[in-house]
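Sequence positions in the sequence shown follow the numbering used here and run 17 to 210.
Since the hints were made in silico from the structure, they are not lab data.
Each residue gets a CB set at the ideal place from its N, CA and C atoms; glycine is no exception.
Any given hint could turn out to be false.
[What the hints assert, rightly or not] Under the rule of at most 25 Å between Cα atoms (straight-line distance), these lysine to aspartate or glutamate pairs were calculated in the DMTMM-like manner:
1. K87 with E110
2. K176 with D146
3. K108 with E161
4. K189 with E204
5. K108 with D160
6. K171 with E161
7. K106 with E166
8. K191 with E158
[Claimed, not checked] Ranges between beta-carbon positions, derived for each pair:
9. K73 with L173: 27 to 33 Å
10. E134 with S208: 44 to 50 Å
11. Y133 with N188: 39 to 45 Å
12. I42 with I197: 22 to 28 Å
13. G144 with N188: 37 to 43 Å
14. D62 with K187: 41 to 47 Å
15. Q165 with E110: 38 to 44 Å
16. S208 with N52: 39 to 45 Å
17. N188 with R74: 40 to 46 Å
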Amino acid sequence: MCSWCWAFSSSLQQLMKKIPREILIIRLLGGLAPDNDNPMSDDIRDYVIKNWNSIEKRVPETKFNYDFWKKCKPRRSTYPACRAIIAARKQKNEFDTEMTTAIQKAYYLQARNPSDYETLIELAEEIGADKNKFSRDVASIETDEILKQEIEQYKNLGLKSLPSLLFINDKNKLKIEPDYINPDSMLEKINSIQ
Numbered sequence: 017m018c019s020w021c022w023a024f025s026s027s028l029q030q031l032m033k034k035i036p037r038e039i040l041i042i043r044l045l046g047g048l049a050p051d052n053d054n055p056m057s058d059d060i061r062d063y064v065i066k067n068w069n070s071i072e073k074r075v076p077e078t079k080f081n082y083d084f085w086k087k088c089k090p091r092r093s094t095y096p097a098c099r100a101i102i103a104a105r106k107q108k109n110e111f112d113t114e115m116t117t118a119i120q121k122a123y124y125l126q127a128r129n130p131s132d133y134e135t136l137i138e139l140a141e142e143i144g145a146d147k148n149k150f151s152r153d154v155a156s157i158e159t160d161e162i163l164k165q166e167i168e169q170y171k172n173l174g175l176k177s178l179p180s181l182l183f184i185n186d187k188n189k190l191k192i193e194p195d196y197i198n199p200d201s202m203l204e205k206i207n208s209i210q
């Protein structure tokens with residue numbers, strides 16, 4: 017999971033409510049960290065914890081549960097969570113954002129491991145998804161192919177960081193810097209190029 021995406025989630029939700037209805041919103045998963053069953057290295061763990069500290073200072077409303085580092089076996093593996101979002105989305109489009117939020121809260125607030133399929137299956141059930149269908153879909157080749165396609169599309173659009181916002185219309189293609197505090201600044205940029 018992307019710590020900065022978690023920090024951006026509140027501002028993004030506010031922005032989504034204000035974007036004019038005629039604008040089509042497409043969410044893509046960037047992937048971040050491929051499948052890996054090895055424990056997270058101390059260097060990576062320290063880097064992630066340092067990011068959490070930076071985020072709490074820069075975006076004070078964003079909280080983290082540091083018990084995660086004691087209760088869980090951290091792995092640098094975000095693809096399972098990405099596949100979980102796709103598997104949930106296959107059941108209902110609204111489950112895309114619901115599963116994203118459930119995974120983020122599980123990881124950052126509840127100290128549950130989003131790299132573990134057991135956790136992801138529990139979360140799918142908690143949001144109301146069919147547990148059996150989700151369990152099949154999250155492990156399917158088709159879901160993995162969809163993830164690979166989204167990552168490729170993300171790269172082909174020239175996006176390199178997470179989170180990223182890109183506005184495209186007939187005349188313009190504009191990367192919009194995420195504003196973690198003020199969603200109106202992003203909305204103003206979108207409105208200025210419509």
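These are the hints, each one checked on the structure:
Restraint check: the Cα-Cα separation between K87 and E110 comes to about 31 Å, which exceeds 25 Å; the hinted pair is violated. Using a Cα cut-off of 25 Å, the hinted pair K176 and D146 is violated, with the two alpha carbons roughly 34 Å apart. For the suggested pair K108 and E161, the alpha carbons sit about 19 Å apart, so the restraint of at most 25 Å is met. For the proposed pair K189 and E204, the alpha carbon gap of about 15 Å is at most 25 Å, so the pair holds.
At roughly 18 Å between alpha-carbon atoms, K108 and D160 fall within 25 Å of each other, so this suggested pair holds. Taking the CA atoms of K171 and E161, the gap is near 15 Å; set against the 25 Å cutoff, the hint holds. For the proposed pair K106 and E166, the alpha carbon gap of about 14 Å is at most 25 Å, so the pair holds. Taking the CA atoms of K191 and E158, the gap is near 30 Å; set against the 25 Å cutoff, the hint is violated.
Take K73 and L173: their Cβ atoms lie about 31 Å apart, and the range 27 to 33 Å holds. Hint check: E134 to S208, Cβ distance near 46 Å, so the stated range 44 to 50 Å holds. Checking the proposed 39 to 45 Å range against Y133 and N188 shows it holds: the Cβ atoms sit about 41 Å from each other. Range check, I42 to I197: Cβ separation about 25 Å, and the 22 to 28 Å hint holds.
Checking the proposed 37 to 43 Å range against G144 and N188 shows it holds: the Cβ atoms sit about 38 Å from each other. As the Cβ distance of D62 to K187 is approximately 45 Å, the hint placing it in 41 to 47 Å holds. Judged by the Cβ atoms, the range 38 to 44 Å given for Q165 and E110 is violated: they are separated by roughly 21 Å. In this structure the supplied range 39 to 45 Å holds for S208 paired with N52, their Cβ-Cβ distance being about 42 Å.
For N188 and R74, the Cβ-Cβ distance of about 29 Å falls outside the hinted range of 40 to 46 Å, so the restraint is violated.
The earlier numbered hints that this structure contradicts are 1, 2, 8, 15, 17.
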